[in-house]
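Visitor: Residues per chain are reported as follows:
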Amino acid sequence: MKLSIILLVIGSFVTTPLFTPTSTIPSVKIKTMDGQSFDTATISNDGNPIIISFWATWCSPCKKELNNIAEVYEDWVDETGVKLIAVSIDDSRNASKVAPYVNGQAWEYEVLLDPNYDFKRAMNVNNVPHTFLIDGKGNIVWQHNSYSEGDEIELYELVKKLANGEEISH
Amino acid sequence: MTTRNLFSFFTLLFSLFFFNAFSQNGGNNVGQIHGNFETINQYYNPDTAIGAPPVPEKLLSSSFANIIFNRGNFTAGARFESYLNVLQGIDSKYNGTGIPYKYASYQIDNIGVTVGNFYEQFGSGMIFRSYEARSLGIDNAMEGVRVTLTPIKGIYLKGIVGKQRLFFSQGPGIVRGIDGEININELHPRLDSLKTRLTIGGSFVSKYQKDDDPTYNLPENVGAYAGRFNLYHGRFTMAGEYAYKINDPNSSNNFIYKPGQGAILALGYSKKGLGISLSGKMIDNMDYRSDRTASLNNLTMSYLPALSKQHTYNLAATLYPYGTQPNGEMGIQADIIYKIKKKSRLGGKYGTLFNFNYSRIHSLNKEAYPSINDPDSTRMGYKTNYLSVGDEVYFEDINLEITKKINKKWKAKAAGFLFIYNMEVIQGLGGKGTVYANVVVLDVSYKIKPKHAVRVEAQHLSTDQDQGSWATLLAEYTFSPNWFVAVMDQYNYGNKYEEKQLHYPIGTFGYTKGGNRIMLSYGRQRAGIFCVGGVCRNVPASNGVTLSITSSF
Numbered sequence: 001m002k003l004s005i006i007l008l009v010i011g012s013f014v015t016t017p018l019f020t021p022t023s024t025i026p027s028v029k030i031k032t033m034d035g036q037s038f039d040t041a042t043i044s045n046d047g048n049p050i051i052i053s054f055w056a057t058w059c060s061p062c063k064k065e066l067n068n069i070a071e072v073y074e075d076w077v078d079e080t081g082v083k084l085i086a087v088s089i090d091d092s093r094n095a096s097k098v099a100p101y102v103n104g105q106a107w108e109y110e111v112l113l114d115p116n117y118d119f120k121r122a123m124n125v126n127n128v129p130h131t132f133l134i135d136g137k138g139n140i141v142w143q144h145n146s147y148s149e150g151d152e153i154e155l156y157e158l159v160k161k162l163a164n165g166e167e168i169s170h
Numbered sequence: 001m002t003t004r005n006l007f008s009f010f011t012l013l014f015s016l017f018f019f020n021a022f023s024q025n026g027g028n029n030v031g032q033i034h035g036n037f038e039t040i041n042q043y044y045n046p047d048t049a050i051g052a053p054p055v056p057e058k059l060l061s062s063s064f065a066n067i068i069f070n071r072g073n074f075t076a077g078a079r080f081e082s083y084l085n086v087l088q089g090i091d092s093k094y095n096g097t098g099i100p101y102k103y104a105s106y107q108i109d110n111i112g113v114t115v116g117n118f119y120e121q122f123g124s125g126m127i128f129r130s131y132e133a134r135s136l137g138i139d140n141a142m143e144g145v146r147v148t149l150t151p152i153k154g155i156y157l158k159g160i161v162g163k164q165r166l167f168f169s170q171g172p173g174i175v176r177g178i179d180g181e182i183n184i185n186e187l188h189p190r191l192d193s194l195k196t197r198l199t200i201g202g203s204f205v206s207k208y209q210k211d212d213d214p215t216y217n218l219p220e221n222v223g224a225y226a227g228r229f230n231l232y233h234g235r236f237t238m239a240g241e242y243a244y245k246i247n248d249p250n251s252s253n254n255f256i257y258k259p260g261q262g263a264i265l266a267l268g269y270s271k272k273g274l275g276i277s278l279s280g281k282m283i284d285n286m287d288y289r290s291d292r293t294a295s296l297n298n299l300t301m302s303y304l305p306a307l308s309k310q311h312t313y314n315l316a317a318t319l320y321p322y323g324t325q326p327n328g329e330m331g332i333q334a335d336i337i338y339k340i341k342k343k344s345r346l347g348g349k350y351g352t353l354f355n356f357n358y359s360r361i362h363s364l365n366k367e368a369y370p371s372i373n374d375p376d377s378t379r380m381g382y383k384t385n386y387l388s389v390g391d392e393v394y395f396e397d398i399n400l401e402i403t404k405k406i407n408k409k410w411k412a413k414a415a416g417f418l419f420i421y422n423m424e425v426i427q428g429l430g431g432k433g434t435v436y437a438n439v440v441v442l443d444v445s446y447k448i449k450p451k452h453a454v455r456v457e458a459q460h461l462s463t464d465q466d467q468g469s470w471a472t473l474l475a476e477y478t479f480s481p482n483w484f485v486a487v488m489d490q491y492n493y494g495n496k497y498e499e500k501q502l503h504y505p506i507g508t509f510g511y512t513k514g515g516n517r518i519m520l521s522y523g524r525q526r527a528g529i530f531c532v533g534g535v536c537r538n539v540p541a542s543n544g545v546t547l548s549i550t551s552s553f
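From first to last, the protein sequence lines are chains C and A. Position 69 (the first sequence) corresponds to 69 in this note's numbering; numbering is contiguous. Position 552 (the second sequence) corresponds to 552 in this note's numbering; numbering is contiguous.
The set of hints was computed from the structure by calculation and includes no laboratory data. Just so we're clear, the structure is a prediction, and the values are computed from it rather than from any experiment. Just so you know, not all the hints are guaranteed correct.
To be verified - No more than 20 Å apart at the CA atoms, straight line, and that leaves these computed lysine to aspartate or glutamate pairs for EDC-like:
{"id": "1", "chain 1": "A", "residue 1": "342", "chain 2": "C", "residue 2": "71"}
{"id": "2", "chain 1": "A", "residue 1": "339", "chain 2": "C", "residue 2": "167"}
{"id": "3", "chain 1": "A", "residue 1": "272", "chain 2": "C", "residue 2": "74"}
{"id": "4", "chain 1": "A", "residue 1": "404", "chain 2": "A", "residue 2": "476"}
{"id": "5", "chain 1": "A", "residue 1": "163", "chain 2": "A", "residue 2": "211"}
{"id": "6", "chain 1": "A", "residue 1": "408", "chain 2": "C", "residue 2": "74"}
As the list claims (entries may be wrong) - FRET-style restraints, in silico, Cβ to Cβ:
{"id": "7", "chain 1": "C", "residue 1": "42", "chain 2": "A", "residue 2": "187", "range": "13 to 23 Å"}
{"id": "8", "chain 1": "C", "residue 1": "42", "chain 2": "A", "residue 2": "416", "range": "28 to 38 Å"}
{"id": "9", "chain 1": "A", "residue 1": "191", "chain 2": "C", "residue 2": "157", "range": "36 to 46 Å"}
{"id": "10", "chain 1": "C", "residue 1": "157", "chain 2": "A", "residue 2": "340", "range": "52 to 62 Å"}
{"id": "11", "chain 1": "A", "residue 1": "293", "chain 2": "C", "residue 2": "167", "range": "23 to 33 Å"}
{"id": "12", "chain 1": "C", "residue 1": "42", "chain 2": "A", "residue 2": "254", "range": "42 to 52 Å"}
Cβ coordinates follow ideal geometry from the N, Cα and C atoms, glycine included.
With these hints in hand, go ahead and build the complete structure from the sequences.
Guide: Laid out in structure tokens, this is it:
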């Protein structure tokens with residue numbers, strides 16, 4: 001019986017294209033920083049690329065990534081029209097520190113709050129930081145777990161490709 | 001769950017997939033499958049010097065994989081878990097393999113239905129939060145039914161019923177709850193344009209557990225309710241919640257009949273370059289679980305996170321972190337972020353960031369009855385005066401972090417921490433007294449090339465109590481976007497026992513590509529308190545090789 005299940009799973013991947021090769025953003029109801037309800041399926045950017053970055057106030061590499069991008073974000077937006085959405089997974093221990101941190105750092109990002117990890121789970125994020133790139137049609141075309149200095153260089157190369165209408169190979 | 005059930009569940013899931021796949025002829029709308037995977041495998045060497053016991057299996061392995069299927073408004077998912085056997089430091093009742101988490105859900109217009117397992121939180125979670133923190137071995141997922149309803153825009157209702165997960169089965173209690181939230185501004189377009197935004201909410205939760213206690217007459221239904229608000233006005237925010245629980249004699253509160261209560265209030269002010277958050281909290285007899293005899297992190301319904309900063313530097317984070325005392329505490333916290341402007345004399349070219357944080361937690365002022373079985377008190381345990389602070393200090397943490405980018409290549413961070421840690425209360429270790437410790441950290445990184453960076457972290461903790469002073473040195477080299485290597489040594493040079501003045505060296509190597517990450521480490525790990533989110537677990541000392549792989553697809 002176990003074998004048949006395994007075969008089914010393998011079969012479902014081998015017999016392409018049974019499923020769409022790319023994923024879109026699932027619908028999860030979370031909140032914005034000022035308490036408005038927000039359906040993640042409505043994330044869009046007028047056909048321009050979108051970066052979704054999962055972070056937390058207690059995660060040093062996450063803050064390093066978002067602060068490094070913040071320094072060049074204005075240029076990125078001007079050149080490619082990209083939008084970055086920073087999804088905080090701070091739970092009720094730290095949720096009240098999110099807005100002071102974001103505003104204190106003067107981030108220009110859209111910030112969403114996911115205190116019980118519903119969106120994190122739906123996006124299959126194991127741990128933070130985890131960054132996704134979404135093309136103008138809403139397909140998730142790339143993702144990266146963890147952050148090292150300079151990772152934003154590769155990310156921006158991909159954003160530029162998307163903005164030029166090029167395909168990103170997995 | 002029996003094998004038969006398991007099989008029918010899979011048959012259902014896969015027939016759904018295939019039905020969709022073939023009926024839609026491989027078109028664009030056949031649905032999506034995605035998931036994630038993690039495996040952690042550790043080979044243990046016995047190391048008597050650090051107190052790492054021999055592990056009979058030698059190799060322990062914990063893994064899980066989630067698979068989610070989506071099509072339109074329909075979602076189904078399952079998680080396979082395997083503990084062969086579970087890693088040291090996580091409850092050994094996680095044993096074997098299984099599919100403890102599976103669900104199906106759909107959303108049609110304003111109604112959403114989930115059957116099977118789900119996670120949910122009401123308000124801040126003071127009377128109900130089911131969640132997972134896998135690295136701590138916490139998973140109190142509900143198994144049952146959840147319905148969400150949005151009758152009109154701005155009003156959000158939820159109802160839940162189910163039992164909570166306990167390892168590979170469920171706890172004995174049935175949990176029922178409803179939650180309602182009104183976002184005043186969303187009710188009407190004219191309100192939506194207001195600068196002031198207000199959300200109010202309330203919840204009621206009840207658990208049922210049969211009373212078969214030979215001594216006490218215990219309440220079989222224990223209810224709790226909570227009310228909350230969130231107010232936003234330009235730069236100001238204010239949020240609060242109050243919760244009340246009826247008498248709930250349980251093993252945590254020594255089976256007293258006193259009701260419980262909790263209150264939290266948080267104020268915030270922020271503008272460009274400045275963020276202030278102040279909060280206060282009172283918790284009295286709020287341990288609330290779906291089994292009155294459960295302990296540790298099992299079957300918790302109330303989520304009571306510590307009102308203190310969650311640190312990341314390891315000497316500040318893993319030796320003396322606070323853990324909430326659910327039977328009574330009062331605390332305050334202040335967190336201030338201030339950024340000196342770019343291109344100013346003090347700020348330099350890139351600005352300088354200051355983060356100051358202060359927290360202090362006291363006991364609750366309790367007036368005990370002469371005897372717990374005092375007939376006048378009807379086993380109420382103690383009396384409290386509202387918002388009356390006790391004299392005993394549980395915890396204090398004063399810390400300051402300064403972050404500065406010096407130029408394109410150099411970045412530096414300096415931090416200092418002063419801790420008061422009441423070990424006797426927080427860890428329940430009688431005779432251990434209170435630890436006074438201070439920590440300093442210097443963290444410098446240098447970019448060799450745009451994608452190559454070196455980071456060095458030096459930490460020092462000094463204390464005369466507990467294990468004495470520690471020094472830590474860490475060096476890390478990263479080559480973006482794929483590679484990293486790090487070495488770290490922690491040295492307990494100040495231990496009053498010479499044979500315990502030990503080094504804990506460890507080396508780690510990692511490879512990341514896309515959503516995949518492989519990490520290999522070898523060395524000694526110090527015993528410590530490892531925290532994620534708001535909850536902590538004790539990790540015993542170990543010596544060995546760890547291989548972990550995480551992956552998302």
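Visitor: Please go over all the hints and tell whether each is borne out by the structure.
Guide: Results of checking the hints against the structure:
Our distance criterion of 20 Å between C-alpha atoms is met by residue 342 of chain A and residue 71 of chain C, whose separation comes to about 11 Å. Taking the CA atoms of residue 339 of chain A and residue 167 of chain C, the gap is about 40 Å. The hint is violated against a cut of 20 Å. The hinted pair formed by residue 272 of chain A and residue 74 of chain C meets the criterion: a straight-line CA distance of about 16 Å does not exceed 20 Å. Pair hint residue 404 of chain A plus residue 476 of chain A holds up; C-alpha atoms about 19 Å apart against a cutoff of 20 Å.
Proximity of residue 163 of chain A to residue 211 of chain A is assessed by CA-CA distance (about 17 Å); at most 20 Å being required, the pair is judged to hold. Of the pairs offered as hints, the one joining residue 408 of chain A and residue 74 of chain C holds, with about 18 Å between alpha carbons and a cut-off of 20 Å not exceeded. Hint check: residue 42 of chain C to residue 187 of chain A, Cβ distance near 20 Å, so the stated range 13 to 23 Å holds. Taking 28 to 38 Å as the suggested C-beta distance range, the pair residue 42 of chain C and residue 416 of chain A does not conform, at roughly 44 Å.
Hint check: residue 191 of chain A to residue 157 of chain C, Cβ distance near 45 Å, so the stated range 36 to 46 Å holds. The beta-carbon spacing between residue 157 of chain C and residue 340 of chain A, approximately 33 Å, falls outside the hinted interval of 52 to 62 Å. Between residue 293 of chain A and residue 167 of chain C the beta carbon distance is about 58 Å. The supplied range of 23 to 33 Å is therefore violated. Range check, residue 42 of chain C to residue 254 of chain A: about 50 Å between beta-carbon atoms, so the 42 to 52 Å window is met.
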